[in-house]
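Below are the chains, spelled out letter by letter.
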Amino acid sequence: MSIKTLPSRPHNLFPLWLSLVLALLWLIIWDLDVAFQDLVYGIADMGEYLSRYGAPNFSNMSSYLHLMIQTLVTAFWGTTLAFIMAATIAPYAARQLTPNPFIYRIARELLNFMRAMPDLLLALIFVSSMGLGPLPGVLALAVHTAGFLGKFFAENMERVPAGKYEALSAVGAGFTQKIVFAAWPSMLRESVGNVLYIFDRNVRMAAVLGLVGAGGIGLELHDALRLFKYNQASALIIIILITIVAIDNLSSWIRKVLN
Amino acid sequence: MAYISLTAVHKTYPNGYCALKNITLDIEAGQFIAVLGPSGAGKSTLLRAMNALDPATQGEISIDGVVLSKKNYRQMRAHIGMVFQQFNLVDRLNVMTNVLVGRLAERGWLNSLFYLFPKTDYQIAEAALREVDLLDKAWSRADKLSGGQQQRVGIARALAQQPKMILADEPIASLDPKASEEVLKLLRKICSEKGITVIVNLHQVEYAKQFADRVIALKAGQVVFDDHPDQLTQARQADIYGTTIEETTNEYELVLAHT
Amino acid sequence: MNMSWYWPTPNGKPPLIAVLSVIVPLAVLLLTASTVDMSYNKIFYAIPRMLDFTKNLWVMPDWHYVPQLAKKMLETVEMTLLATALAILLSMPLGVLAAKNASPHPIIFRITRDLLSFIRALPELVWALVFVSALGLGPLPGIMALSLVTVGFMGKFIAESIEVVDAKAIEGLESTGCTKFQSILYAMLPQAVPDFIGSLLYILDHNLRAASILGLVGAGGIGYDMVMSMRLFNYERIGMIALSIYALVTLLDRLSDVFRQKALGGILNVH
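Residue numbers (my numbering), protein chains in the order written: chain A, 1 to 259; chain B, 1001 to 1259; chain C, 2001 to 2271.
No lab work stands behind these hints, which were simulated from the structure alone. From the three backbone atoms N, C-alpha and C, an ideal C-beta is built for every residue, glycine too. Heads up, some of the hints might be wrong.
[Unchecked claim] Stretch by stretch, here's where chain A covers chain C in the computed footprint (C-beta under 8 Å, at least three residues):
#1 2024-2032
#2 2048-2058
#3 2063-2069
#4 2133-2140
#5 2151-2159
#6 2242-2248
One chain only, chain A, in its complex shape (with noise of 0.2 Å):
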């Protein structure tokens, strides 16, 4: 048997899609009555409002250090309370850990409502309950995070191969076993990949919370900006780079070590 004729051409829906997208989108700009003539305009200056970061001045250097470690240490303390909470909480939300499927939709939905929460909005609440400094920032990455980061493992733990939990069911091994000998040994390559981009997002975090008084550089730029100190603003922008770009290498490296 051979065909004769071409089978007629599947409908292609990529240009209505597109189309509806372009659409959309020039609706968007209608309804923001963004002046993008404004920033046409704006870019000589632009280029002169640049300019004036370019004297970076660093004669409070020690406490920006300071501050900055503290940043750092608020990222560090929020990505470690995350991951005690994600671990409890996760194997609740994987089905085939789970007791009993409304444990696992409540699971479930509970690191949904922490991942939705923003974490600004926390840190106000957090602050406001406790007052200003670093712990309410803590405390409001933890909660966040541990809404991702237990999403994440529950990911994680739902693709483990099925029969690696059956031979723990199989010999009489209770949640517990089954979490610490079937799901954790087999998806520590991807979880630790997890609490690295954690820690990475938590850091660039905390160096903005402080502008709601949860501790960290990010006041000391919105000060320096508001004063209109561009030449401290950008020497706190530069160590605030010089940070996250160690960050980032370092959790490079530590990926490329554990392979």
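With chain A's structure known, arrange chains B and C on it following the hints.
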């Protein structure tokens, strides 16, 4: 009284598919039983119903006088060893730990959390590894072993449970012929020397004849043969599989002749 | 019965890496506890205040606030979509320039790569601070900040995808005598697309969350309202704001899941 007793066992999956229909069997202690049948006949389902990995939907299964029920799955499984087609070892952990997993039913969660086992468990694991002749690989990572070796670790894990019966669900389907023979010889030895009841799912009729005391054949969820392997004539095989080995070979030659 | 407990290692002791990975973080935590003002007292006494706060949230919502809330939430969504769309547009050419095997010149490759690293390294809020300082308040600085950072991430991602592209397809194309540009368009970019769609969903999720806090520094979106209502203890509004952000983020989450399941297949059949 029979050691394992199935009475009117049905297994119907949620989508309506009926995998086991009205199975009634009595199995004496210390027997080596081969379960045969075409794919989809319900061999796996039968075994997995016995240790409740896929519990029966109707009927009663009792082992050593105790009826299998939701309340006692874990306790029952502690004395039922299972060997899987895909071995189901935890790749990252070493062989010793994989064998020690067999002891988990009797360990509390706290010690398991830290991967701690008492000396007595190590002695049992050592004996199991000696039995399967893998002592020299005790500290190797499980995924560094060949297929046949990994399956022997699986058997060692089952032995570590000090079980009264071992269920082997297609243990040689992923192994080459040499490793397959090794594994079946090992299981036969365990059965004869220790009096452990062994039930093995197989595809190969010759192995069943070579090793088993009794052959149970399933077809479409029902028992169609339950007798000494010598009774398994060509004619009976045709009933079970719909054809015989000779016939299939001849068909193949016929096809070759006509091209 | 006295049982001595051992670890499953040749010498019965836990492996060094395991011990270090517990001891080292613990040590760091203990040493730095003072830097973060970690104190049980503070947390303990804060609990009743937080319970109080939660109790105060259960009030009748301020219905008059709904129009403004809707407007600001819409603005947040629009900022997200626009910034992400712009970023996709910009990051494709930049991604190509930053890919070792597609870049026209090694110097261009290095410059683009470093540029992308630089813009990626600062959090969106910092960029927003800078842009607000330059352009004034409003959603525009927020959109710029968001796109910039997204370009940084997307550009790197595309560059990396292009670099791991299957050499055979490229060879096949080049044997027909096409130009470098054509080989990029027909061999490299299409192979990078499926992963791109996956990361796009993550980026949208991230940008939505980022957009909802940019208002803190006046760069548009619901962030400003969020901070002001906290500062003024406007409990009715805080609850509404938190709820709408939660609803929006969850909606996007569910949509991504659905899209992920369906789209990695169908819609991508371009020809």
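Okay, the hints, checked on the actual structure:
{"no.": "1", "hint": "2024-2032", "verdict": "holds (count 4)"}
{"no.": "2", "hint": "2048-2058", "verdict": "holds (count 3)"}
{"no.": "3", "hint": "2063-2069", "verdict": "violated (count 0)"}
{"no.": "4", "hint": "2133-2140", "verdict": "holds (count 5)"}
{"no.": "5", "hint": "2151-2159", "verdict": "violated (count 0)"}
{"no.": "6", "hint": "2242-2248", "verdict": "holds (count 3)"}
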